[in-house]
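Novice: Protein chains in written order, with our numbering: chain A, 1 to 207; chain B, 1 to 316.
These are calculated hints, taken from the structure and not from any lab test. There's no promise every hint is true.
Unchecked claim - When the alpha-carbon atoms are kept at most 25 Å apart in a straight line, the in silico DSS-like pairs for lysine-lysine are as follows:
id	chain 1	residue 1	chain 2	residue 2
1	A	204	B	207
2	B	207	B	274
3	B	274	B	213
4	B	280	B	213
5	A	204	A	163
6	A	204	B	274
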Amino acid sequence: MIASILAAAAQVIAGSTVRWLGCAPTAGQRVYIANHSSHFDFIVLWSYLPPPLRRLTRPVAARDYWERDAVRRYLATRVFNALLIDRVATPGTAAAGLGRQAVDQMVQSLDNRHSLILFPEGTRGAGEDLAPFRSGLYHLCRTRPEIEVIPVYLENLNRILPKGHLLPVPMLSRITFGAPLHLQPAEEKDAFLERARQAVRALKEAA
Amino acid sequence: MNLLHDLALQRLFGGLIALLVVATVVGRLIERRTRDESAMATVQNLNARINAWWVMSVVFALAVVVGPIGSVVLFALLSFLALREFITLVPTRPSDHGALLWSFFLITPLQYLLVAVHWYGLFTILIPVYVFLFLALRIAISGDTTHFLERVSAIQWALMICVYSLSYAPALLGLSIRGHGTPGPTLLLFLVIVVQGSDVLQYIFGKLFGRRKIAPLVSPSKTVEGFLGGIAAATVLGALIWWATPFTFWQAGLQALVVALTGFGGGLVMSAVKRDRGVKDFGTIIAGHGGILDRVDSLTFAAPIFFHITRFFFGG
Numbered sequence: 001m002i003a004s005i006l007a008a009a010a011q012v013i014a015g016s017t018v019r020w021l022g023c024a025p026t027a028g029q030r031v032y033i034a035n036h037s038s039h040f041d042f043i044v045l046w047s048y049l050p051p052p053l054r055r056l057t058r059p060v061a062a063r064d065y066w067e068r069d070a071v072r073r074y075l076a077t078r079v080f081n082a083l084l085i086d087r088v089a090t091p092g093t094a095a096a097g098l099g100r101q102a103v104d105q106m107v108q109s110l111d112n113r114h115s116l117i118l119f120p121e122g123t124r125g126a127g128e129d130l131a132p133f134r135s136g137l138y139h140l141c142r143t144r145p146e147i148e149v150i151p152v153y154l155e156n157l158n159r160i161l162p163k164g165h166l167l168p169v170p171m172l173s174r175i176t177f178g179a180p181l182h183l184q185p186a187e188e189k190d191a192f193l194e195r196a197r198q199a200v201r202a203l204k205e206a207a
Numbered sequence: 001m002n003l004l005h006d007l008a009l010q011r012l013f014g015g016l017i018a019l020l021v022v023a024t025v026v027g028r029l030i031e032r033r034t035r036d037e038s039a040m041a042t043v044q045n046l047n048a049r050i051n052a053w054w055v056m057s058v059v060f061a062l063a064v065v066v067g068p069i070g071s072v073v074l075f076a077l078l079s080f081l082a083l084r085e086f087i088t089l090v091p092t093r094p095s096d097h098g099a100l101l102w103s104f105f106l107i108t109p110l111q112y113l114l115v116a117v118h119w120y121g122l123f124t125i126l127i128p129v130y131v132f133l134f135l136a137l138r139i140a141i142s143g144d145t146t147h148f149l150e151r152v153s154a155i156q157w158a159l160m161i162c163v164y165s166l167s168y169a170p171a172l173l174g175l176s177i178r179g180h181g182t183p184g185p186t187l188l189l190f191l192v193i194v195v196q197g198s199d200v201l202q203y204i205f206g207k208l209f210g211r212r213k214i215a216p217l218v219s220p221s222k223t224v225e226g227f228l229g230g231i232a233a234a235t236v237l238g239a240l241i242w243w244a245t246p247f248t249f250w251q252a253g254l255q256a257l258v259v260a261l262t263g264f265g266g267g268l269v270m271s272a273v274k275r276d277r278g279v280k281d282f283g284t285i286i287a288g289h290g291g292i293l294d295r296v297d298s299l300t301f302a303a304p305i306f307f308h309i310t311r312f313f314f315g316g
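So here's chain A without its partners, still in its complex pose:
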């Protein structure tokens, strides 16, 4: 109920044109990888998935941001069913172990038949170009090579909710879903991450 209302509100604000260019909105298990320029990104991407897919798709988000207050914690855990991962080391876990722990969480979630929304840049950019992708995506694909990775390009969302603002301004945006990617058997980490990054970036110009 709250999920449907929030999804409808996000659609009124973001008025997205949705283009499925390289794949169809079908129920297969997927990892959506998108460019990241706004806190609004995953809400909009999530709200434009058809409702049956939406219920099975978990955004991967930073625990330190989404557990900061009761409202955000409620939204993240109850509404978006987000997969919260640690970016900040807590006593007892070494910083180096955080990445592996995050990948383990994602693999576990995939094994529970969920799809994931992932922002491999790791943090929000200025909306102009994509930062290099973090290696978590590669390790995830190494562990579950059969998974379909869908590149997604989100346009104009940094204008709807820029960094440092709380409320979104209505503006038209565009979501483009591309053709699925797979990690090739002998593919090197950096080559794969760069190929995935270019696949996301190419959707900006795709007609």
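The hints should help you fit chain B onto chain A, whose structure is shown.
Specialist: Leaving out everything else, chain B in the frame of chain A:
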């Protein structure tokens, strides 16, 4: 007054439904006979437009039948969506975020609230005076002076077109006419029928007889033949529905002429805006037509002029 029992409204809506039925049948017949592929695209676009007209007519009729609040809410939503389309094309900067939040979530509802309570003295000056000055100040306070004048002007212009001008359409519901009390929905219907009818008629005359482009650099699809035929036919259309309005036959014709001419002006100006921003349509929300602004562009010019002319010559 129960609007469902208003004879003039029944006739107007009855006529509209009859027209749409004829258009739908003709459209389907043409589609069945078309073989050539390039003509097929035009015919399919035509049928998409007719289908959208059904939806738009039903929504508009429901809003009118609900009563004044229905019309005010409908136009407030149209303003919101039009503003969303317009601001998308404006090169704003992150520091305009506060001014934009004000525009969407406070100024737009406030303008329509003033229209709803018929506060003529304030709804006519809220945006051109108070908001005009306030927005410039709000953006100055943000401290970002890059392209300051362009940003302030574009946001103010967006509000004037999408919110202020459009709000004059439902404001007609509060206009009292000498000897006729408050005719309410019939004035609004007259305006909308003539404006939209003029758009459709210009399109039809242009497609049938269009030879010479009237403004090739601004809007390549507008022709002299479409303009002359459409405006003349819309004037006749307006005169022919004089019985639903407080106007005589000739007054209605003259009003319709002004409405059609200003509407054409609105379409031309909004085409110039689209050219400047490098887009063909303002959006994709109405299949076959484009965005909300593509459909109400002529109304944004015709509504305030029609309101003030009517108030000046017929107001009581």
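Novice: Compare the structure with each hint and give your call.
Specialist: Verification of the hints:
Distance hint between residue 204 of chain A and residue 207 of chain B is unfulfilled; the C-alpha atoms sit about 35 Å from each other, more than 25 Å. A C-alpha spacing of about 22 Å is found between residue 207 of chain B and residue 274 of chain B, which places the hinted pair at or below 25 Å, so the restraint holds. As the CA atoms of residue 274 of chain B and residue 213 of chain B are separated by approximately 18 Å, the hinted pair is consistent with the 25 Å bound. A distance of roughly 18 Å separates the Cα atoms of residue 280 of chain B and residue 213 of chain B; the hinted pair therefore holds under the 25 Å criterion.
Between residue 204 of chain A and residue 163 of chain A, the direct Cα distance comes to roughly 21 Å. Compliance with the 25 Å bound is thereby established for this hinted pair. Distance check on the hinted pair: residue 204 of chain A and residue 274 of chain B sit about 21 Å apart at the alpha-carbon level, within 25 Å; holds.
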